[in-house]
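**Q** Chain residues, written in single-letter form:
2 protein chains.
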Amino acid sequence: MPPFHPAEKSANTAPKDAPNPHIAAMNNAPIGIFDSGMGGLTVMAALAARLPDEQFVYLGDTARLPYGTKSAETVRRYALQAAHALTERGVKLVVIACNTASVSLPFLKQALAPLPVIGVIEPGAEAALRVAPEGPIAVIATEGTVKGGAYVNAIHERSAAPVVQQPCPLFVPMAEEGLTDGPIAEAVAERYLGPLMAQLPKPKVLVLGCTHYPALKAVIARIAGPDVRLVDSAAITADAVAQLLADGGLAAGAKQGPHKFLATDAPDRFARVGEIFFGTPIDAGAVEQIDLR
Amino acid sequence: MPPFHPAEKSANTAPKDAPNPHIAAMNNAPIGIFDSGMGGLTVMAALAARLPDEQFVYLGDTARLPYGTKSAETVRRYALQAAHALTERGVKLVVIACNTASVSLPFLKQALAPLPVIGVIEPGAEAALRVAPEGPIAVIATEGTVKGGAYVNAIHERSAAPVVQQPCPLFVPMAEEGLTDGPIAEAVAERYLGPLMAQLPKPKVLVLGCTHYPALKAVIARIAGPDVRLVDSAAITADAVAQLLADGGLAAGAKQGPHKFLATDAPDRFARVGEIFFGTPIDAGAVEQIDLR
Numbered sequence: 001m002p003p004f005h006p007a008e009k010s011a012n013t014a015p016k017d018a019p020n021p022h023i024a025a026m027n028n029a030p031i032g033i034f035d036s037g038m039g040g041l042t043v044m045a046a047l048a049a050r051l052p053d054e055q056f057v058y059l060g061d062t063a064r065l066p067y068g069t070k071s072a073e074t075v076r077r078y079a080l081q082a083a084h085a086l087t088e089r090g091v092k093l094v095v096i097a098c099n100t101a102s103v104s105l106p107f108l109k110q111a112l113a114p115l116p117v118i119g120v121i122e123p124g125a126e127a128a129l130r131v132a133p134e135g136p137i138a139v140i141a142t143e144g145t146v147k148g149g150a151y152v153n154a155i156h157e158r159s160a161a162p163v164v165q166q167p168c169p170l171f172v173p174m175a176e177e178g179l180t181d182g183p184i185a186e187a188v189a190e191r192y193l194g195p196l197m198a199q200l201p202k203p204k205v206l207v208l209g210c211t212h213y214p215a216l217k218a219v220i221a222r223i224a225g226p227d228v229r230l231v232d233s234a235a236i237t238a239d240a241v242a243q244l245l246a247d248g249g250l251a252a253g254a255k256q257g258p259h260k261f262l263a264t265d266a267p268d269r270f271a272r273v274g275e276i277f278f279g280t281p282i283d284a285g286a287v288e289q290i291d292l293r
Numbered sequence: 001m002p003p004f005h006p007a008e009k010s011a012n013t014a015p016k017d018a019p020n021p022h023i024a025a026m027n028n029a030p031i032g033i034f035d036s037g038m039g040g041l042t043v044m045a046a047l048a049a050r051l052p053d054e055q056f057v058y059l060g061d062t063a064r065l066p067y068g069t070k071s072a073e074t075v076r077r078y079a080l081q082a083a084h085a086l087t088e089r090g091v092k093l094v095v096i097a098c099n100t101a102s103v104s105l106p107f108l109k110q111a112l113a114p115l116p117v118i119g120v121i122e123p124g125a126e127a128a129l130r131v132a133p134e135g136p137i138a139v140i141a142t143e144g145t146v147k148g149g150a151y152v153n154a155i156h157e158r159s160a161a162p163v164v165q166q167p168c169p170l171f172v173p174m175a176e177e178g179l180t181d182g183p184i185a186e187a188v189a190e191r192y193l194g195p196l197m198a199q200l201p202k203p204k205v206l207v208l209g210c211t212h213y214p215a216l217k218a219v220i221a222r223i224a225g226p227d228v229r230l231v232d233s234a235a236i237t238a239d240a241v242a243q244l245l246a247d248g249g250l251a252a253g254a255k256q257g258p259h260k261f262l263a264t265d266a267p268d269r270f271a272r273v274g275e276i277f278f279g280t281p282i283d284a285g286a287v288e289q290i291d292l293r
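Residue numbers (this note's numbering), protein chains in the order written: chain V, 1 to 293; chain W, 1 to 293.
It is possible that part of the hints are untrue.
[Said to hold, decoys possible] Ranges between beta-carbon positions, derived for each pair: (1) V:Gly285 with W:Gly149: 19 to 25 Å; (2) W:Arg130 with V:Pro136: 56 to 62 Å; (3) W:Glu275 with V:Ala254: 56 to 62 Å; (4) V:Ile290 with W:Gly285: 36 to 42 Å.
In short, the hints are calculated from the structure, not lab data.
The C-beta atom is built at its ideal place from N, Cα and C for all residues, glycine as well.
Use the sequences and the hints to build the structure in full.
**A** Structural data, given as structure tokens:
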């Protein structure tokens, strides 16, 4: 059995002693990351900081964002198209840096096998359970993620800890507008988090279940209160990817070439808004526009 | 020359004395309306109230909303696909009930000729100039509409009145969440409209340049102040369509069948959120899901 057959094994259980020779040859290949838009750049920033030798190819499906309000079937179709655009560019691993699209994880694992695929939901669920094994766990996410119940399912596969969810539809456009602090951000965060934090017993941990939300981390932490630990999927996913590379002998042998950015629409807006999430300026001229079908 | 060749003539100048026999036979055909999502239902509601005998087919391209952040080229491609889905259903007239997609008006007029096509920009620009022929005219819209400059162009083709624009990215998700009044709506409206209304001389008229914005009309009017007239594209477009039907002898001869709703994704969400804009409940079972390519 190939050690990275992802349809049968999760990343964490891949054996350390039998790297797949096909994949081992790909050490210096880039890591592919995709998101519906720019939010996944928080994940890429965490990955690039954690794995400075690796090259990343980031794809933002900006022509069809947001995924958060779309049906699971449509999101699955879009996710497969995005993943194929990355595999065509020779990536060694695909990171679904989008909570909504992570509902497609089992499907993508099967479609791309033996290429490893990693989402943000499972690392987030595991991190939440490490902080509060008995719960209660609160999850904030897009409408699509909440409705799909991906975090609830991932947590309940591992534990009986109670989970409460809250969709926060305004957080994504607020983050994209740079409206990440001040009275409006406070009022909107209070509107979403107030009722969630008033639950009894009060949640011990709050999962930021959307890659845009780390941009609002300061105000979210303030409203949640000092007794609530935040789980940021960007940082957690970077740890999971580092582990997967180490386990599979897939890490780059030396510093690789510059990162690549792909967008399905409006590369200039991608570069401008992307900077909010990436934390470093992105050269609009370096963003390649591609078509997904 | 066929009287409704829309690439050469605007609706208002179509001659009253020579109805196209091909089109005249279509009196009882439905009127097609499309939008990127549910916002255009404000236009349909105004049309249905103004033209109670007509049947409407509404298409919301919910799989790819919003159009407001997408490039003009992508929006034009999507608009053509949506218009074709309507013409396949035998409509006698196409209403682009989306400000962003209205940038495609000249292109769609040419592609669909001799079928009449009407957008929301030109009626809105004309209404603003009737209120304040010398300006200043303020326009609030999505980022795409502001960047495309469609209102500025439409106004400046007719007048030298000064125009100021302001994108309001949070208004669409706020309206969809039903967050149309109260302190958050006030604070966000103040953020967008405050600087716009502080311009000297103060704008005399404010164009609601997005079909979602009528849902926030009360708070917008309050922040703008009693000396500023609001132009609501839904009502204005309904007048323009009624005029076009009358001029072309295209009005329905008697009360036609029930309206139809088409959506490219999530018919249940379409029905639920659509009610905010349509003002009347929409039966989710009656919303047909279609694919656009």
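**Q** With reference to the structure, classify each hint as holding or not holding.
**A** A quick look at each hint next to the structure:
The beta-carbon spacing between glycine 285 (chain V) and glycine 149 (chain W), approximately 24 Å, falls within the hinted interval of 19 to 25 Å. Separated by about 58 Å at the C-beta atoms, arginine 130 (chain W) and proline 136 (chain V) satisfy the suggested range of 56 to 62 Å. Range check, glutamate 275 (chain W) to alanine 254 (chain V): Cβ separation about 58 Å, and the 56 to 62 Å hint holds. Taking the beta carbon of each, isoleucine 290 (chain V) and glycine 285 (chain W) are about 38 Å apart, inside 36 to 42 Å as hinted.
Comparing the model with each earlier hint shows no violations; every hint is respected.
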